[in-house]
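Okay, here's what each chain looks like letter by letter:
Protein chains: 4
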Amino acid sequence: MGSIFGTIFRVTTFGESHGPALGCVIDGCPAGLVLSPGDITADMQRRRPGYSPHASKRREADEVEILSGVLDGITTGAPIAMMVRNQDHNPAEYTEIARTFRPGHADYSYFAKYGLLDTGGGRASGRETAARVAAGAVAKKILREFGITVAAHVSSIGRRAEDLEDCIACGDSIGSEVMCKINGLKAGVGAPVFDKLSADLAKAVHSIGGVKGVEFGTGFAAATMRASKNNDAFVADGGGKISKTTNNAGGILGGISDGDEIYFRVAFKPPPSIAMAQQTVNADGKNTQIAIKGRHDPVLAPRACVVVEAMAACVVVDHIFRSLSDRMESVKLAYSLYSQ
Amino acid sequence: MGSIFGTIFRVTTFGESHGPALGCVIDGCPAGLVLSPGDITADMQRRRPGYSPHASKRREADEVEILSGVLDGITTGAPIAMMVRNQDHNPAEYTEIARTFRPGHADYSYFAKYGLLDTGGGRASGRETAARVAAGAVAKKILREFGITVAAHVSSIGRRAEDLEDCIACGDSIGSEVMCKINGLKAGVGAPVFDKLSADLAKAVHSIGGVKGVEFGTGFAAATMRASKNNDAFVADGGGKISKTTNNAGGILGGISDGDEIYFRVAFKPPPSIAMAQQTVNADGKNTQIAIKGRHDPVLAPRACVVVEAMAACVVVDHIFRSLSDRMESVKLAYSLYSQ
Amino acid sequence: MGSIFGTIFRVTTFGESHGPALGCVIDGCPAGLVLSPGDITADMQRRRPGYSPHASKRREADEVEILSGVLDGITTGAPIAMMVRNQDHNPAEYTEIARTFRPGHADYSYFAKYGLLDTGGGRASGRETAARVAAGAVAKKILREFGITVAAHVSSIGRRAEDLEDCIACGDSIGSEVMCKINGLKAGVGAPVFDKLSADLAKAVHSIGGVKGVEFGTGFAAATMRASKNNDAFVADGGGKISKTTNNAGGILGGISDGDEIYFRVAFKPPPSIAMAQQTVNADGKNTQIAIKGRHDPVLAPRACVVVEAMAACVVVDHIFRSLSDRMESVKLAYSLYSQ
Amino acid sequence: MGSIFGTIFRVTTFGESHGPALGCVIDGCPAGLVLSPGDITADMQRRRPGYSPHASKRREADEVEILSGVLDGITTGAPIAMMVRNQDHNPAEYTEIARTFRPGHADYSYFAKYGLLDTGGGRASGRETAARVAAGAVAKKILREFGITVAAHVSSIGRRAEDLEDCIACGDSIGSEVMCKINGLKAGVGAPVFDKLSADLAKAVHSIGGVKGVEFGTGFAAATMRASKNNDAFVADGGGKISKTTNNAGGILGGISDGDEIYFRVAFKPPPSIAMAQQTVNADGKNTQIAIKGRHDPVLAPRACVVVEAMAACVVVDHIFRSLSDRMESVKLAYSLYSQ
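From first to last, the protein sequence lines are chains Y, X, C and Z. The opening residue of the first sequence carries number 1 in my numbering; numbering runs sequentially from there. The opening residue of the second sequence carries number 341 in my numbering; numbering runs sequentially from there. The opening residue of the third sequence carries number 681 in my numbering; numbering runs sequentially from there. The opening residue of the fourth sequence carries number 1021 in my numbering; numbering runs sequentially from there.
In short, the hints are calculated from the structure, not lab data. Bear in mind that the values here come from a model prediction, so they are computed numbers and not experimental data. Glycine residues also receive a C-beta, built at the ideal position from the N, C-alpha and C atoms. Treat each hint with caution, since some may be false.
[To be verified] Selected chain X positions facing chain Y (Cβ under 7 angstroms, derived; list incomplete): (1) Q385; (2) R388; (3) L457; (4) A623.
[To be verified] Calculated pairs, DMTMM-like style, for lysine to aspartate or glutamate (alpha carbon to alpha carbon, straight line, at most 25 angstroms): (5) C:K909 / Z:E1182; (6) Y:K241 / X:D624; (7) C:K909 / Z:D1192; (8) Y:K229 / X:D512; (9) Y:K332 / C:E825; (10) Y:K332 / C:E745.
[Claimed, not checked] From chain Z, some residues computed to sit far from chain Y (all C-beta separations above 12 angstroms): (11) M1021; (12) G1039; (13) S1088; (14) T1096; (15) G1135; (16) R1143; (17) E1165; (18) K1201; (19) A1253; (20) D1257; (21) G1260; (22) Q1309; (23) H1316; (24) K1352.
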């Protein structure tokens, strides 16, 4: 359960590493968007293992096949299904550790939930994010039509620059942070109560594996600040444009975009698969040790940036679509397009 | 839009400070729960202005009337509507500032969204949280039947103890933090992809006004840690019980509860209504100044604790209900209760 | 569960006859609609017992109080809660039959579901439709802004005119039919797969108590027709307008409006509360007899017309709102309204 | 939009005839169900063109590939994606008529909605039902575990037996009816207000192309009956079993199953693609004629039976899953399965 995201622009993902394929279906993409596999490829490359110098060495072709919803390079309004075949996966590699609960992984909680072992190849696999990235590429293509960009970058890795190399050397891994910025979104998108734009972004980002915290604007620092410092003054330029002199709010006020840059910071834990020996328990309930061999990322942020962008873009598109009926006048305008 | 929360246990809130009443409707509460107004009252008291020594001086009776869904003190399975009449509200007080965008408030983004001014009494008002607290009290009553508790406390106010008094003295306000702990939840509740338990908790908490950040377990600190420190080792006690030797994960692994205490920290910004003069713009687009008089909280955490609990409880109840069909065997067991 | 209807324009209803009040909350009504209690009253009158010459003699004031979402006679975009206090209800009247399963009623299936007796005053009560009518009045007000009307009338009662009088005389009741017509909706509203406009209308209407069948256009007669007769030819007037020479389709093709009048026929069963003695079982599992005294409608269609209209109007509004993001160009047009 | 069905057991379909593949994703299937491609194949065969003697001659292999959610023949709780590759499709055949609005088809309403032509191969194609059948086969496998069966048969074709042969001879087509029966469902499944079991079944069935009417139990005949005839008496057998002496209700009372057989009748229009010449309009707005050549079903019911079953099965599974939290005691029982 819980593999569908969104209200109007809805993304369903499917697939495990150990199965034949993974992918997504987008329901609610408007007709008339120019879309080609090339629009997806660039983002898929950024997520790929091996793309970053520090990434896992596993090779994945990640060639996306568009199965539906696009005709002659234009979206038709029908669901867009996209699929990536799994290649180069090595079930045996997982099987050897399949009966042992890896610390920091979902093996144990999965087992508690579903009553079966699904180690390494299940839905908690980082591989699932490929489907999100494909969906996010479509969302970003839509946003570009409105002059809206979503861009994330690695804002920190560990405490010091040399932490990462040190971790790689000793078979450990390190935590990291991503900063994500959304530019060009007009003021007025979001919702005031449960479905605040910030709340939906927080959910979207927390749904990515390894995320431990999200903060908007001044974030946790705001917990130590005074309003006289943290409040952003409004200023009018005399020509009808209202802006804020600072952006401590992070571009969202009361759950609704304020026209400023939206920015938020995301904390990723150190990826839990490490070569060092760890104390754990196996599926028979016996105490044991585990050392996880094979190809594993020593840090999450570099490959996660494009996943954060994908999730953020899906949220913004969905909120724009939901906002179209905010006012009687916007409904009238959009409805007037129907021919008769 | 966006005033309905949850999938099976669904809460709708309504009402503004300036209107006759506010309240909520809970759809999806099971039949057979003992419930009386007294179950609601205690939590309502904790949210009430005037309850905390630092809280706004506004008096609200906050007497909850249960309009439906309860018969002879037992829930019937029908929607539970609860209503609080607004008393002692002073529209004039808001009207005088109604045409000026208060810094740090949703006035401007609201205006951009809906094209109208709704200052001070709209859905962004802290008063809306009364409806959440009423719904949360029902959710907590359900959880108690399963031995699950949700408890939040103020973990910090500003940087130092005397920050608050200082702020009050100079008409400023101060940021704060809340720590929330969920105990007694079994392992296996949540979902592995979009609807991770952590993701839904993050959304729930970020939907509360003034929240700028949420972190689970080691949170942002994890971004600087190594897996060899951050991973929690599993250990078996020989009697069938598996636990973790530490709880850096915060009780959730891969979006699913691991049987440990769930804990998360919430950052609240300093409440933006302050008596000090601030630069801003009015609805006519003219630059102006504003000093917000009247009764306003100098800090959010003390009254927000019960709101955080309410939202967290609603999420946990909803996830337990959604988890009942995780396995064929649990479906069979529950379905076997039907008589013929 | 199941008391929330719609995707964007979402209606939650609550309340039982035996409780203090019933009502609804509309989430997703656009800001800027002129709305007053008077807009609701007219439809409430049409649903009222005693309004039709054949209706139950129970007196209900049905005065709707708007609790939220409207300021100075204009909707604000916030949830619109409306409430009707229950007056003149006589719990004792129901109590005497509360432990006996009335044939044709939901008493027994309710008991099987919730494990408790809720006879006569539960959610299955016809009284619940008052909340739907209030919500429907708002939906119809919105539709009027687009020149769309929804109008239902009684198309038949029993087999012959004198059936009704005869039934009243002998303490029996009679079945009936309602015809509902939607005019002024442009072509292009609906969806091609699961959420066909016809499918959502069918659900909406089947959710009304007593409905046993719904058919669109030629309906069941189409099951005996040939396509050469049933297909509607298209014709162009040369000035850009395309229409159908007949309307056997009932205004919907492939789940999407075709610009023609939408019409559907609804079958209501004879209301099951009758004074004649009936064989049944009580809550102790004993065979017994029941004769239902008191005020009960001998036919459903006259009072149900306004309920059918209400449900149909909610569906059409919801589908129009959902259709606003059908095409990139309509999204762009509506989004362009945001000021900056 | 509108390509996702269900609340807990959620089915997303995708794909067009003209594209590379079509399929579905099921989110919310419990872990622990034995499932193999063979479970799907039998139903796919029943839907296949060429299966019925009267069906279209188009050959489709309809070999379903399970892409995810099943490991070693057991469902894992993860989304189950299933795909069918399109073979033997002839885009040219459609292209020649692509610019002409076929009477009785969705071509025109599609064009009005999406602003583009998608004739013959779009989402309105009967081919889309292959994805529904695959999902329905999983739903029926689940129901079998509870002793519940869903079975539909052709109840009538036209007015007389020889109507069909006559239609085939003259290039016309004929309407038909399907009767669907659900057996073995306990009393108590469904919901009392909007999400009545009958309402959700009605929506599900009306979402199938060509359906013009649905009726439960005595259906439209009830509109001419008296309650003294239409009401079903309850009777107790003395051993704790309560049943109805007749089943005019069709197994659902007040939206909730009553333990009896659920049955409903479905009216299908004559399939609109006929070889006879018809008056219509093309995409340039010019009046023209069309005669639709090629392989087309002369009647819908024979191949539609399995589609009706599929949709009904999905509804029943979803309602059972949603009903698990109806009572505190069933929640407690199911939750007790979690180990610690």
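Earlier hints that do not hold, by number: The structure breaks hints 1, 2, 3, 4, 10, 11, 12, 13, 14, 15, 16; every other hint is satisfied.
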